[in-house]
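The listed protein sequences derive, respectively, from chains A and B. So the first sequence is numbered by the numbering used here: it starts at 157 and just counts up by one. So the second sequence is numbered by the numbering used here: it starts at 3 and just counts up by one.
Simulated from the structure, these hints should not be mistaken for lab results. Virtual Cβ for every residue (Gly too), placed ideally from N, Cα, C. Wrong hints could be hidden among the right ones.
[What the hints assert, rightly or not] Footprint (simulated), chain B over chain A, 3 or more residues, beta carbon under 8 Å:
| id | stretch |
| --- | --- |
| 1 | 175-189 |
| 2 | 318-329 |
[As the list claims (entries may be wrong)] Coverage of chain B stretches by chain A, computed from C-beta distances (three or more under 8 Å per stretch; other residues unrestricted):
| id | stretch |
| --- | --- |
| 3 | 16-22 |
| 4 | 170-178 |
| 5 | 250-257 |
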Amino acid sequence: MPILEVQGLSKSYRQMGGDTTLAIGNITCAVEAGEFVSFVGPSGCGKTTLLMSIAGLLAPSSGRILVKGREISGPPPNLVLVFQEFNKSLFAWRSVLGNVRFGLQARGNRSREAEARARSLIELVGLKGFEKAYPWELSGGMQQRVAIARALAYGPEVLLMDEPFGSLDALTRLELEDTLLRLWAELRTTILFITHDIEEAIYLSDRIWVLSRRPAEIVEELRIDFARPRDQVTTRAEARFMELRNDIYQRISGEGGR
Amino acid sequence: MNGSRDFNRRGWLLFAVLLLLWEIGSRSSPKLQLYLPPVSQILITLGDLLRAGEIVKHLATTLARFVEGYIFSAALAVTLGVLLGYFRFAHSLVEIVIEFLRPMPSVAIIPVAVLMLGIGDAMIVAVTIYASTWPVLINTIDGVRRIERTLIDTGRTFGLSGRQTLWRVILPAASPTIVTGLRVSLSIALILVTTAEMVIGSRGLGFFILDQERSMNGAAMYAGIVLVALLGYALNRIFLMFESRAMRWSNAMSARESL
Numbered sequence: 157m158p159i160l161e162v163q164g165l166s167k168s169y170r171q172m173g174g175d176t177t178l179a180i181g182n183i184t185c186a187v188e189a190g191e192f193v194s195f196v197g198p199s200g201c202g203k204t205t206l207l208m209s210i211a212g213l214l215a216p217s218s219g220r221i222l223v224k225g226r227e228i229s230g231p232p233p234n235l236v237l238v239f240q241e242f243n244k245s246l247f248a249w250r251s252v253l254g255n256v257r258f259g260l261q262a263r264g265n266r267s268r269e270a271e272a273r274a275r276s277l278i279e280l281v282g283l284k285g286f287e288k289a290y291p292w293e294l295s296g297g298m299q300q301r302v303a304i305a306r307a308l309a310y311g312p313e314v315l316l317m318d319e320p321f322g323s324l325d326a327l328t329r330l331e332l333e334d335t336l337l338r339l340w341a342e343l344r345t346t347i348l349f350i351t352h353d354i355e356e357a358i359y360l361s362d363r364i365w366v367l368s369r370r371p372a373e374i375v376e377e378l379r380i381d382f383a384r385p386r387d388q389v390t391t392r393a394e395a396r397f398m399e400l401r402n403d404i405y406q407r408i409s410g411e412g413g414r
Numbered sequence: 003m004n005g006s007r008d009f010n011r012r013g014w015l016l017f018a019v020l021l022l023l024w025e026i027g028s029r030s031s032p033k034l035q036l037y038l039p040p041v042s043q044i045l046i047t048l049g050d051l052l053r054a055g056e057i058v059k060h061l062a063t064t065l066a067r068f069v070e071g072y073i074f075s076a077a078l079a080v081t082l083g084v085l086l087g088y089f090r091f092a093h094s095l096v097e098i099v100i101e102f103l104r105p106m107p108s109v110a111i112i113p114v115a116v117l118m119l120g121i122g123d124a125m126i127v128a129v130t131i132y133a134s135t136w137p138v139l140i141n142t143i144d145g146v147r148r149i150e151r152t153l154i155d156t157g158r159t160f161g162l163s164g165r166q167t168l169w170r171v172i173l174p175a176a177s178p179t180i181v182t183g184l185r186v187s188l189s190i191a192l193i194l195v196t197t198a199e200m201v202i203g204s205r206g207l208g209f210f211i212l213d214q215e216r217s218m219n220g221a222a223m224y225a226g227i228v229l230v231a232l233l234g235y236a237l238n239r240i241f242l243m244f245e246s247r248a249m250r251w252s253n254a255m256s257a258r259e260s261l
């Protein structure tokens with residue numbers, strides 16, 4: 157049984173003036189436990205709406221979302237969303253350690269093991285020594301590391317990530333991609349990732365769903381079978397990588413001319 | 003105002019010079035002395051009054067009324083403010099009422115309060131609550147409304163219940179603006195307590211000041227005023243001490259942002 161299933165999901169908004177606009181068309185897909193899967197699509201295609209719906213933060217207009225076979229009707233306990241806007245998502249009044257412990261405390265877990273887990277995740281994302289710092293004292297890349305550690309400390313079975321590296325500079329971005337892959341290999345968490353960066357999706361994923369322009373629909377599914385662990389230099393230099401990149405690019409930009 | 007608590011030598015020097023000018027001016031003109039006794043005489047009178055004990059009771063009365071009114075208004079205003087900040091419908095419903103009542107000088111409701119509650123402690127505390135509610139209410143509404151949607155959603159994705167969201171996300175996120183409101187209403191509460199005491203009281207520092215004026219006791223009247231001023235100064239210092247501890251993160255964050 158897939159850990160996460162999306163069945164016939166669509167979402168429409170009422171606009172000013174009363175017209176309704178369709179943000180997500182009719183999306184059906186399934187994610188297996190332990191997979192790293194990405195949605196890639198053009199900016200403004202409704203990706204964030206899709207992920208918010210899967211996270212249980214937005215009610216779909218039709219269709220349903222199942223986590224381990226059970227339909228959700230709100231944020232499920234075994235699934236956490238990492239937001240793109242880490243600066244708006246971190247708690248400015250909590251230290252790095254306080255932020256990472258947040259999820260565990262919300263579950264009422266204030267034990268020593270909980271704190272040890274938070275500390276080990278801070279170390280895993282490469283922030284050892286910054287436990288007492290406040291988020292606003294850190295760079296953007298470090299802030300997103302805090303947000304990732306916070307989400308993983310909660311111990312989710314599925315991690316949803318909404319363009320988490322979208323507002324970072326190119327170099328930081330590559331570093332964080334590798335950090336994320338390392339964490340994923342270590343913790344075996346299922347990851348559902350959203351990005352508009354085609355190469356990022358290829359580099360990270362086992363599978364990619366290519367989304368159309370608004371209303372978002374899946375126009376192609378691709379299996380990415382580069383060996384792991386992957387490498388920023390050699391993996392990206394493979395001929396197959398370029399092939400995939402061009403294929404997806406044409407698929408997305410071709411959509412626009414339709 | 004915030005940040006470094008270094009001793010302000012220049013400021014205290016000017017303060018001392020002004021007191022000195024007051025002393026000299028008053029002593030050099032017998033006519034002026036009738037209205038404005040020398041500082042030294044006022045302080046000696048204050049010392050005598052404090053030793054006699056009567057004025058201490060008035061001080062205690064004023065302080066008790068202040069504490070009662072201030073704490074009650076803070077609790078009321080934060081509760082209401084969170085609700086009105088969070089539920090847009092409720093806010094749009096009461097917005098006009100608030101905008102009419104808030105700019106009205108609060109002392110104008112003293113006669114109304116006297117009519118409804120008579121001339122006792124209840125009336126003075128009620129007027130204090132009424133007046134000091136507004137700054138906290140407006141600031142709390144504003145602070146809650148400015149909370150980023152993403153922050154609330156972050157709480158939800160970690161499975162927070164409504165109550166947990168209130169205590170762990172909404173209140174801390176809005177706390178810097180709430181504290182600003184609390185600081186403003188601190189002085190408003192003291193103004194209202196003393197004013198109400200002047201109008202109807204038979205106890206309290208406000209009453210004492212007016213009573214001494216009517217008995218042509220200039221020095222004692224000024225001693226009462228100095229005591230109210232000291233009370234206000236002390237309350238504000240206590241508040242700032244609490245604020246700089248509790249809001250250290252917020253002060254440090256805004257100091258960084260303004261760089």
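A quick look at each hint next to the structure:
{"no.": "1", "hint": "175-189", "result": "violated (count 0)"}
{"no.": "2", "hint": "318-329", "result": "violated (count 0)"}
{"no.": "3", "hint": "16-22", "result": "violated (count 0)"}
{"no.": "4", "hint": "170-178", "result": "holds (count 5)"}
{"no.": "5", "hint": "250-257", "result": "holds (count 4)"}
Hints 1, 2, 3 from the earlier list are contradicted by this structure; the remaining hints agree with it.
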